[in-house]
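Keeping their order, the protein sequence lines are chains A and B. So in our numbering, spot 6 of the first sequence is number -14, and the numbers just go up one at a time. So in our numbering, spot 98 of the second sequence is number 137, and the numbers just go up one at a time.
These are computed hints drawn from the structure, not numbers from a lab. Hints may contain errors.
[Said to hold, decoys possible] Residues from chain B shown here face chain A by an in silico Cβ test under 8 Å; the list is partial: (1) THR358; (2) GLU359; (3) PRO445.
Glycine residues also receive a C-beta, built at the ideal position from the N, C-alpha and C atoms.
Each chain is listed here by its residues.
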Amino acid sequence: MREGGDGMDNGFGGTEVRSEAVRGTTILCGTGLARRFPVGEGVWALRRADLAVAEGEFVLVTGPSGCGKTTLLNLLGGLDRPTRGDVTLRGVSYSRLDESGLARLRRRELGFVFQFYNLLSDLTAEENVSLPMRLVGLRKAEIAVRVAELLEAVGMSHRKDHTPFELSGGEQQRIAVARALAVRPAIVLADEPTGNLDSKSGRDIMELFRRFNRELGQTFVVVSHDPGFAEYAHRVVRMRDGEIVSGGEPTAPPRTAAAVQGGSPA
Amino acid sequence: MIDWLDALAGWLRRLVAALHPRNLCRTAEEVSVFGPLAVRSVKRRLARSILVSLSFAAGTAVYLGLAASFNGAAAAVAVKTAEPPLPADVIVVGVGPAGAQPVAALDAVPWARDYEVFDCWTAETSLGRRLVVGLTEGGRLEAGLGLSGPIPAGKVFVPRALAAAAGVDEGAVVEIGLTGSRGFVGRPLSVGGVFTPGRAAGLFADALVVRLEESLDLRTYLEREGLALSAAGRPAVPAGPDSVAVWERDPGDTPRLVARVRKLFPGADVQWPGLAAEEARRAAGGFFSPAGVALSLVFFIAGLGAFNVLVLSLLQRKTELGVLKAIGASDDEVFGLILLEGAMMAATGTLLGLGTGVGLVGWLNRISSLPLHLTSGDLGSAVGLAAFSFYLAAWLPGTLCRRASPVQLVGGRRLYLNPRSTCAQCGRCGGF
Chain A
-19 MREGGDGMDN GFGGTEVRSE AVRGTTILCG TGLARRFPVG EGVWALRRAD LAVAEGEFVL
41 VTGPSGCGKT TLLNLLGGLD RPTRGDVTLR GVSYSRLDES GLARLRRREL GFVFQFYNLL
101 SDLTAEENVS LPMRLVGLRK AEIAVRVAEL LEAVGMSHRK DHTPFELSGG EQQRIAVARA
161 LAVRPAIVLA DEPTGNLDSK SGRDIMELFR RFNRELGQTF VVVSHDPGFA EYAHRVVRMR
221 DGEIVSGGEP TAPPRTAAAV QGGSPA
Chain B
40 MIDWLDALAG WLRRLVAALH PRNLCRTAEE VSVFGPLAVR SVKRRLARSI LVSLSFAAGT
100 AVYLGLAASF NGAAAAVAVK TAEPPLPADV IVVGVGPAGA QPVAALDAVP WARDYEVFDC
160 WTAETSLGRR LVVGLTEGGR LEAGLGLSGP IPAGKVFVPR ALAAAAGVDE GAVVEIGLTG
220 SRGFVGRPLS VGGVFTPGRA AGLFADALVV RLEESLDLRT YLEREGLALS AAGRPAVPAG
280 PDSVAVWERD PGDTPRLVAR VRKLFPGADV QWPGLAAEEA RRAAGGFFSP AGVALSLVFF
340 IAGLGAFNVL VLSLLQRKTE LGVLKAIGAS DDEVFGLILL EGAMMAATGT LLGLGTGVGL
400 VGWLNRISSL PLHLTSGDLG SAVGLAAFSF YLAAWLPGTL CRRASPVQLV GGRRLYLNPR
460 STCAQCGRCG GF
């Protein structure tokens, strides 16, 4: 992993410089999002949500259970289709994409971290991290280098040959974070990434997010019911009863790598 | 119609696009990504994989065993029912005592020498041990006896004295015994006519010739049969015989001759050497058709077992498959992954089954008196049926997974074949 995070290989054959000028540009925008699940008479899990996320921003979405946080995250990540509204990522409207187009978008532009880690149990830690890169079609040599960097960055180099069953929850989540960052996505979406961890492991994971955000300028949207994690985020979006009650729009430019003291993720 | 044509054109376009080198390369890339994943999954879930493979192995082996048994039975039936060919087209029985010099005697019959070719042999008949003379196809006798016209034909002609002694007359059934490769074979023939042998040298010349000439005289024939001529001088309804027997020296020509006779005598029951064997084969075919369905059921049952295991496997791995979709695998790629896993198990099982089946047939051949044998068609159909059963077994789990959204899979929600929300709202089937 390169020190400082001012210039990184973007995984598509070029070097991406996340400069101060780039930061602050809205890359992800959900407008009028609503989602109704066809259960019985139908349940509105999300009534209306407008959310914009700037590049390099670390957004924490919080609220009580059942308020629609995960539903919102699923819609932002293209894992589900909204009943109403639309999402655009770097100007690409999800509603204009068919399922394969949406899959390609997720493959290249989005990273996911789940509450239950959701590593592929048949693969080792190293193979789990390399899978998104193989889907994108990177060369083997490049994949090997990047996997090593990422495992080093999350402190899991010594466990690279272990399968998920042989790892603790915190270790699995670190591997999941490395996997989410594998293709240098535009944005990483994390759904209750600490929900299944003890408090120390949870804080370690949030710390990892903060380091990647500060040093690489990686954009994060993290869903958590724990408002205590607000200290890690640039902005806290609060939800209640399927609606965003505060923090839907960027209020101030996010802190930059230059402005924040932090060590190398490696 | 237009919609149907559009759909067909669209399908062809997609097929051509899929065969484009660029897309083939992409498919190869996908296989390189998902192939190892499928291999790992198959190896990791070894018990499940073995179960599916064994289903196909058992199905293939049982199919081959049964197919070989049916082949053996069919061959045995054909051998048992094969009849020695009759050496002549028209048979005249009792033209002289055994040991006579029929050829020399027949040489005295001018028309016979000129127009006919003879076969003579001794046979046990229901009229006693007699000399049998066969008159081959293409001669005047054959024409006279009706194979080329609407007159009774294909009968046995018996001398009058012999007929009187044996108490048979025209229309009676006599039996002629022929010695074939599998021993004595009795063949029933009906007496087509009774004749008086010639006074001197001719064995049967005069009377038979008169009888034939009479037959060839249409007017006389029609009068005797009580039919009337139409205005055009042809019989309004040619009254054909009830039964026509066809004997052809060259068995290969029999179908042609049978067709000709059937055309001549549409209402007649046409018989020929080998008819019994053919009927046996037809009867066997009537048996083998449902047997073929039963054999296919073997694969259906094997496929059902594989289907259950694959569905269970899918339900256990919903989350993993959902994660694959979440990190960018397309619906088709996930579908392909499931097919690939199933194909590996099915292929392994089918190969195992082919080996087991062939070995089983070889072993049964050593201990069984019924010779079993397999054809390349059996092996091909076993592979084809296994592939078809595998696809049926893998289609539903694959399609369920293809149609489900990543959220449904990651969240472990129920899956419905119909992706419309109304299906989930109904939920009566319970989904998967």
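| message | A closest beta-carbon separation below 8 Å is what the hint needs, so does THR358(B) meet it against chain A? | response | For THR358(B), the interface hint holds, since the closest Cβ of chain A sits about 6 Å away, which is under 8 Å.
| said: Hint GLU359(B) vs chain A: min CB-CB distance below 8 Å? | reply: For GLU359(B), the interface hint holds, since the closest Cβ of chain A sits about 5 Å away, which is under 8 Å.
| task | Would you check whether PRO445(B) satisfies its interface hint, that is, whether its CB is within less than 8 Å of any CB in chain A? | result | Holds, about 4 Å.
Comparing the model with each numbered hint stated earlier shows that all of them hold.
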